[in-house]
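Q: Chains as they are written, first to last, in the numbering used here: chain A, 253 to 407; chain B, 24 to 535.
Quick caveat, the hints were computed from the structure, so don't treat them as lab data. Do not rely on the hints blindly, as some may be mistaken.
Said to hold, decoys possible - One-sided and incomplete, this derived list gives chain B residues near chain A with beta-carbon spacing under 10 Å:
1. R126
2. A189
3. V199
4. S207
5. A220
6. S223
7. G255
Quick reminder that beta carbons are idealized off the backbone N, C-alpha and C, glycines included.
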Amino acid sequence: MPERRRHLSRRAIFAAAAAILGVRPGRAEDAVATAETPAVMQIGAVPALRPMGRGRLELSLLGFAPPSVGAVSAVVRLLDGSRRAEIGRFTPYPAIPFEARSEEEAQRFQFDVTTALLASGCDNCNIEIRLEPVQAGQPVTGARMRFGTARITIS
Amino acid sequence: MTRLTRRCVVFGLAGTAIGLSAAKAGAQPVNGISADFIERFGSGILEVPPKVVRRVNAASLPANHRVLESYRAAINAMRLLPQSDARNWTRIAQVHDEHCAHRNWYTWPWHRAFLTSFERVCRQMSDDDEFRLPYWDWSANRQIPATFSQQNHNGAPNPLFHPRGAQPTDALPDTVVGPSVMSSIIGEPDFEAFMSARPSGQDSTDPKWQRVGSTQGPLESNPHNTIHPWIGGDMATFVSPLDPIFWLHHANLDRIWDRWNRIGNANTSSALWRDFRFNQFVNPGRFSPIGTPWQPRVSDLLDIEALGYFYIRRPSLIDMALIANARILPKIDWRRVLRTTSEVSGERSATTREALAIPLRGLAPIAQLTEQVLRPMAAAEGGDQKQPVTSPTVTLAGRVTAIVEAEPPANAPPPQVRVFLNCDYLSPETPAVDPHYVGSFSFFMAGHGGHSSSDESVRVALDLTRTLLALQDAGRLPKDQLVLQLQPVAIGRGQEAAPIKVRGVEIETAVS
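All chains should be built: construct the whole structure from the sequences, respecting the hints.
A: Spelled out as structure tokens, the structure:
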């Protein structure tokens, strides 16, 4: 019986670990989004969702510089080959510059990616984060976001 | 200004007495009452139950409405108080700057307490016991309420005005507060995803956890966070309560949390959340006119009527549309679907100038249909319906779907076809947020190759359930017959759509 219990708990730990897919940026500079250039972070393959299952993306923001005028949104998209699906937007608040010294100091944001995963699957996915003005047509000059990690959790 | 009433004096004396006895007990007194005293007797001991008054939508208030006049009077009075007074306008903003909970699961309860405390100060300073904060429903009214953008009011400086980056004519876009954003928030069933998550590593209710960041959910990250810098000025910072619009913005977020609960979503039972106590607020006009500490636990903040206010009890039209758009449609057992066909006499055309109206004959009487389909049911995991309501997940009892068969125009660019139910004022400009709106479809790749043929006709399924729900909520359900309307709109500005042909409509009704 103790043998069996140990076996089960190992299996449970393995299953839990397998459900969380760590994501790392490809290169350090890829994880910085500016007004001109989006950040791109690699995910790789995500297992298929189970019936009634859900997928969530958690993204950490390590640094932020607001635009000189107006407000900026980070538009988060899931890329899979030529397909792209918007999965959410966020804005840091307060809109003042910050730089985290570690992941513990990061601001974190989560998004439901269930629909995006169901629609496009994810065999070799990337996350793209593009900076856009909240008010269309307004420039976001000077805006910058630096990202740490991202991970997709399947439950 | 504050009127010194007999009640103030009585409570003031009582507060002093309590403060003295608490100080004798040896604890560190705060505004005359020790933390030990509050710990022993709980926060409720300080409360005379307030009247329960509705918080109203700011959009419904004329500039001279009593609520706005009381708000102006309170702001003017708070600005005149000395910095040493906890009710001073700037001091209150500092409470937010130094203590606000953000980026974790205390965000919304902390702000509920902050607003409740502020509302009490406003009542006292305006001498209006009925005063409750109005809310700014930014999904329905995308511009900052006009009364907050006017520099003067009745010939005097308007205290609701504040320098901002956003112009009075700027409107919040759909990407921040539109139906798809709001329906995904309202439809989020997971507590920590809706509220923002538990602080990373939290293992106690020690006050230090109040400002430890965690993962922000969509309500906080967008729209809450986005609207702050969109308004700009002080609103972009943590001294945002200096701008009078702050309180209306947060009243609306508080309303959304209340609505999320009312549609059947439960708050967590975790003691780490419920037993957490906030220590930064004052409760004026009870034991002391200048305010005694009010230190509610999160669990003290979950019944808003006990705090003295409520929001409209019937969900608003937009709420209903959002809720319906979210995940309350039931799974269908397709073996039990009733199908009816509405003949379209011959092939009839719909044009931009003349929408096509198709009476849906053969359906059950509307009263019977809505009773069968729009009845809320508790949904067990997997989407099966079991008991009538109040389980955490609610679905409707059925669905009504229209299947439209239509043919694109020959030798012309295909239009978008907008579909409505019983809209008396339908025009090409009727927006998709109208309660009569059902959905839209178009003809992918039609017309390519320089011709069109009957092979290019499409069959489109359109769910009517959420529109029926929105119409029922608005009291606009027709008594006799449902009429489906097809309104072609040219894709491209200033053009007129070429006519489309409609061959028929089938209606599928599924009731669990």
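Q: Identify every previously stated hint that the structure contradicts and give their numbers, smallest first.
A: none
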